[in-house]
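Number of protein chains: 2
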Amino acid sequence: MLLKGLGEERIIRDLEKRFALAHPRLIKGIGDDTSVTVQKAGRALLATTDVLIEGIHFKPDFTTPYLLGKKSLSISLSDIAAMGGEPLFALISLGLPSATKKKFLDELYRGISDCAKRFGAVIAGGNTSGIKGGIMVATTVIGEMPANEVVYRSGARPGDTIYVTGTIGDSALGLTELKRNGIKSLSKGPFKRAASRHLDPAPRLRAGRSLASKRLAHSMIDISDGLTLDLDRVCEQSGVGAIIELARVPISAEMRRYAASSKKDWARLVLSGGEDYELLFTSSANLAEIEGLGRKTDTMITPIGRIVAKGGKGRLTIIGLNGKTIKLQRLGFEHF
Amino acid sequence: MLLKGLGEERIIRDLEKRFALAHPRLIKGIGDDTSVTVQKAGRALLATTDVLIEGIHFKPDFTTPYLLGKKSLSISLSDIAAMGGEPLFALISLGLPSATKKKFLDELYRGISDCAKRFGAVIAGGNTSGIKGGIMVATTVIGEMPANEVVYRSGARPGDTIYVTGTIGDSALGLTELKRNGIKSLSKGPFKRAASRHLDPAPRLRAGRSLASKRLAHSMIDISDGLTLDLDRVCEQSGVGAIIELARVPISAEMRRYAASSKKDWARLVLSGGEDYELLFTSSANLAEIEGLGRKTDTMITPIGRIVAKGGKGRLTIIGLNGKTIKLQRLGFEHF
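Taken in order, these protein sequences are the chains called B and R.
Residue numbers for the first sequence, in my numbering: 675 to 1010.
Residue numbers for the second sequence, in my numbering: 675 to 1010.
Heads up, a few of these hints could be off.
Put simply, identical chains are the same to the list, so a pair is met inside one copy or across any two.
Claimed, not checked - Calculated pairs, BS3-like style, for lysine-lysine (alpha carbon to alpha carbon, straight line, at most 30 Å):
no.: 1; residue 1: Lys984; residue 2: Lys702
no.: 2; residue 1: Lys858; residue 2: Lys938
no.: 3; residue 1: Lys777; residue 2: Lys938
no.: 4; residue 1: Lys777; residue 2: Lys970
no.: 5; residue 1: Lys791; residue 2: Lys776
no.: 6; residue 1: Lys866; residue 2: Lys791
no.: 7; residue 1: Lys733; residue 2: Lys862
no.: 8; residue 1: Lys776; residue 2: Lys702
no.: 9; residue 1: Lys777; residue 2: Lys888
no.: 10; residue 1: Lys775; residue 2: Lys888
no.: 11; residue 1: Lys702; residue 2: Lys888
no.: 12; residue 1: Lys691; residue 2: Lys806
no.: 13; residue 1: Lys888; residue 2: Lys714
no.: 14; residue 1: Lys775; residue 2: Lys714
no.: 15; residue 1: Lys866; residue 2: Lys806
no.: 16; residue 1: Lys714; residue 2: Lys702
no.: 17; residue 1: Lys691; residue 2: Lys888
no.: 18; residue 1: Lys691; residue 2: Lys984
Derived from the structure by calculation, the hints contain no laboratory data.
Isolated chain B (complex conformation):
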């Protein structure tokens, strides 16, 4: 069945039923002109929006509607994680060609819904529209946290250690593989986990919240456009420089295998590949305390370098495996 046979009212009613989740803070979800939530004194409100556009951010050949739904929400949740917050609710806007199948929409919603449930967000509204051209999913996530715990990009201080969660570059490796072998890369071939990292990234909400509540992070960002570009943003906003060592950047077993197969671009994938949705943060706490937090939140956390006073030329120094400075053509993914 195609969407054009359904009509908007039925789509909205379907949404209302599917997302009719109770949340103590939500007075009204889908079905009025706006959602309505209760505000709480002393809490900061976090708001972020992202868009996934067919042909730019995803290709239907490379993903499934279920995973597309999950990812559309996950990447906005990752922004909430990067402030140290927790999600409250989300608004979803869809642009769908009229030839879209009902089955596609159902799967997309199922992905969104599973992701929302897993991370404690409620779908509180949105809208669905036709579109000429490809599919478009726009997500807004509203989160919150104690107002005095928010971790900005601008708080890095010389002497801070730079940490990242998880392993870096897998998403870009996965994309390379997906481009070569399509969606079957998820179940077959040497880079299944990397493909999954690209299509189904997990927002680091537990680690982010924990770092903020314990006041351990001076600055934080999620790695969406590449390790070096996102680190450079932290440096710019903090008025500092940074030195990182490629040898210390944690990489996965699949990336090690890829690098060993004499692929020269592995360092580029690690340093500039985007969409890992890991957290990068800076801290002056001792390593043991950070490692303890990592164990408690089930998150691998690795030091990769340090923040320094603002240098003369270039904010970023990247030391390669041979001990020499790496010059990058460009830092990371730019959307134009």
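For this one, chain B is given, so just place chain R on it according to the hints.
Chain R alone, transformed into the frame defined by chain B:
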């Protein structure tokens, strides 16, 4: 100059400068992973999102980038008005083909910025991405109001009078004219004001806020998909029926002229034409009090019918000029 020559960082920096407006509630606007706002006890938080898609909601031949920017924000502000709230801040996501001219983006931003300033909203974040296909503007507006004053669609009671602000059907008339004569309909021809109503609708924030703060409205909605469809939504959610009289629905001088020129579809434009962004509300207050509020907020307010107990067949009764019931093929605009 084309966008692809600019790069995302420059676009974001340009945005930061343009929208660096102070707001006592905004701690952090554009430039971090999320915006950060202070929450206030006793206030309800309102959130709404809308998308304007080229070829579906607008055509570049019929509008200007400046008016497109204004409208993209106005229609979300109208949702805030329909709850009785006031805007706090907005997030804007753009999907722009790489061949988009810098001049287009500047004008779009100028429209968004002018609209935000006029209605007291701050642009607090968003993102810009390439797109295959047409232009896409997604807007999220966050508003607020005293928690005990929110006006829902669901509060209409039998005996309530049904009111609308402004005149109805102009936007649909304007669209008809724009389709015939293009953007010059705004400056030339018999339906200039109607064309302007379509391209540059004004959210009824003052009237909505005032109705809510004085507790005069039992239910409220903005007329985005057509008078009858939006009234039907109020009836459905309130579990009531409604009777309206076409003769009492306020129409503009241009619509009267259009109707007099023997155009048979004028009633359809008034009853089912969408995008007027006027408010429809129901109230048991006396007419004089409502009229007083209208004068004070500089808003024309007209009674057009009444809420009745739920009837047997159909929730809506529309009485035509000849005193007979009108049967509509469909109530209003549906997006598929």
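Structure-based check of each hint:
{"no.": "1", "hint": "Lys984 - Lys702", "verdict": "between (49 Å within a copy, 24 Å between copies)"}
{"no.": "2", "hint": "Lys858 - Lys938", "verdict": "within (25 Å within a copy, 58 Å between copies)"}
{"no.": "3", "hint": "Lys777 - Lys938", "verdict": "neither (42 Å within a copy, 41 Å between copies)"}
{"no.": "4", "hint": "Lys777 - Lys970", "verdict": "neither (40 Å within a copy, 51 Å between copies)"}
{"no.": "5", "hint": "Lys791 - Lys776", "verdict": "within (22 Å within a copy, 41 Å between copies)"}
{"no.": "6", "hint": "Lys866 - Lys791", "verdict": "within (25 Å within a copy, 50 Å between copies)"}
{"no.": "7", "hint": "Lys733 - Lys862", "verdict": "within (19 Å within a copy, 45 Å between copies)"}
{"no.": "8", "hint": "Lys776 - Lys702", "verdict": "within (26 Å within a copy, 40 Å between copies)"}
{"no.": "9", "hint": "Lys777 - Lys888", "verdict": "neither (44 Å within a copy, 47 Å between copies)"}
{"no.": "10", "hint": "Lys775 - Lys888", "verdict": "neither (47 Å within a copy, 47 Å between copies)"}
{"no.": "11", "hint": "Lys702 - Lys888", "verdict": "between (33 Å within a copy, 21 Å between copies)"}
{"no.": "12", "hint": "Lys691 - Lys806", "verdict": "within (28 Å within a copy, 33 Å between copies)"}
{"no.": "13", "hint": "Lys888 - Lys714", "verdict": "both (21 Å within a copy, 24 Å between copies)"}
{"no.": "14", "hint": "Lys775 - Lys714", "verdict": "neither (41 Å within a copy, 43 Å between copies)"}
{"no.": "15", "hint": "Lys866 - Lys806", "verdict": "between (33 Å within a copy, 28 Å between copies)"}
{"no.": "16", "hint": "Lys714 - Lys702", "verdict": "both (16 Å within a copy, 18 Å between copies)"}
{"no.": "17", "hint": "Lys691 - Lys888", "verdict": "neither (39 Å within a copy, 33 Å between copies)"}
{"no.": "18", "hint": "Lys691 - Lys984", "verdict": "between (54 Å within a copy, 23 Å between copies)"}
Of the numbered hints listed earlier, those contradicted by the structure are 3, 4, 9, 10, 14, 17.
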